[in-house]
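Based on the sequences and whatever the hints tell you, model everything.
Sequence lines, in order, name chains X and G. Each residue of the first sequence is one higher than the one before, starting from 1 at the first, in the working numbering. Each residue of the second sequence is one higher than the one before, starting from 271 at the first, in the working numbering.
Hints may be right or wrong, so weigh each one.
Counterexamples of contact, computed for chain X against chain G with all Cβ distances above 10 Å [stated by the list, open to error]:
hint, residue
1, V68
2, G69
3, R71
4, L87
5, E95
6, V135
7, N147
8, V193
9, A203
10, T214
Chain G stretches covered by chain X per the calculated footprint, using a threshold of three residues with CB under 8 Å from any CB of chain X [to be verified]:
hint, segment
11, 318 to 325
12, 341 to 355
If you are wondering where the hints come from, they were derived from the structure by calculation, not from laboratory data. From a predicted model like this one, the values you see are computed outputs, not experimental measurements. Virtual Cβ for every residue (Gly too), placed ideally from N, Cα, C.
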Amino acid sequence: MIDFLIRQKNWTLLVTATLLQLALLGSQANGRDNVRLIQLWVNALIVPAEQVTFQIAHGLGNTWHRYVGLRQAAEENRRLTAQVQQLTLDKNRLEGEVESIRGLQGLLNLKEAVPTETVAAQVIGSSPTDAFKTVTINRGSHAGLGNNLPVITPNGVVGRLVRVYSRSAVVQLITDSESGVGVVFQNSRVHGVAKGTGGSRLAVDYVVNEEKITPGEEIRTSGEDRLYPKGLLVGHVVSVGSGRNIFKAIEAEPAVRFSQLEDVLVMKQQ
Amino acid sequence: MRFSLVVVALFILVAVFVQAKLPLWIPFLSRLDLPLIVVIYFGLAQRQPTHGLVIGMITGLLQDGLSHGALGMNGLTKMLVGFLASSISGRVEVDYPVIRIAALLAFSVLNLLIFMLLEKLFFAARFSWAHYHLIDSPVLNAVVGFPIFVLADRYFRRD
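Here it is in structure tokens:
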């Protein structure tokens, strides 16, 4: 290249001098917007190169930042995942506590509403066999509890104490097959006996076929059994049918959800 | 080199100086271009393109320096003329009077055309055809230039 330029020194000199003087003219001439032509030319030459350089540098910078960002994001992701897990645990715990407080609040309200003295207790166990529908509570004779005392929740009747120990007691649920509760239908005022079926529902017996009982009707304690005070909610009628004898076959759903039973009140006076 | 550097320098300086003064006394002579005549003369005589180029460029730049125009207009124009003149003189016998007069006319026209082109390119706002005398100036340059060529040959040329 240099050899070529030397060989063609006349033309090389001519081109060089021409370009220099054109640049000189450009530096004095104004283009559009009163900008020196030399500036326009320099811009036209330099700016694309600058743009390319900028794009490359910018691209490399972006790639690096993205790489660093990805690493930071991965780290942050791990941290946030752990945080989310912790928060989920906290949330679940708090929700449980809220529910517990809500239950306790209901119990407190019930305790204030019930005229008799009550003892609050917590369910700490359930029957080891499916044949018996019982739960164990954490209060016993030390709390002044005794056999046959009714156990209730704000939702309704739970059952009665069948065995009382010093610091615990066994509650026979109203769904137990050996349980029976004197009840009255809220609308028809018909009386009957709600017997446990050993399953999740109750069978209301001793309601003659002539009586008009409708599904959804509330069933409350009648007080006739001398175990449960009058007026406590027992459940709702689910189905009504004609029995094989003079009595209706009535099926009822307990008001209390025994699978979610946690806090109960034991009424000390029958 | 057929001329000493001093002679060349003197010719250039005198031509530029006189060209700057003459139109003050005789306005019509603003159409004359003495520096161009000097450039054509040395270009044809030197027969070295680089010499013609340098002489033309320096002469033109000096002329620009004294004028209120843009620096480089005459510099570039006369540089190209000097380069072409010396390039041609290397291939064609240019000592004949007719050739010289033709060269004076042709290079004067070329000089004007290049100047116009540059002005159109760089200073279009002030461009006007009225500024250019494509016939008067070349003829005047030829009329004045040819005697100068003869005198210069007689008194300053070495060969």
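Next on the checklist: Output the indices of the hints that this structure fails to meet, ascending.
Outcome noted: The structure conflicts with no hint, since it agrees with every one listed earlier.
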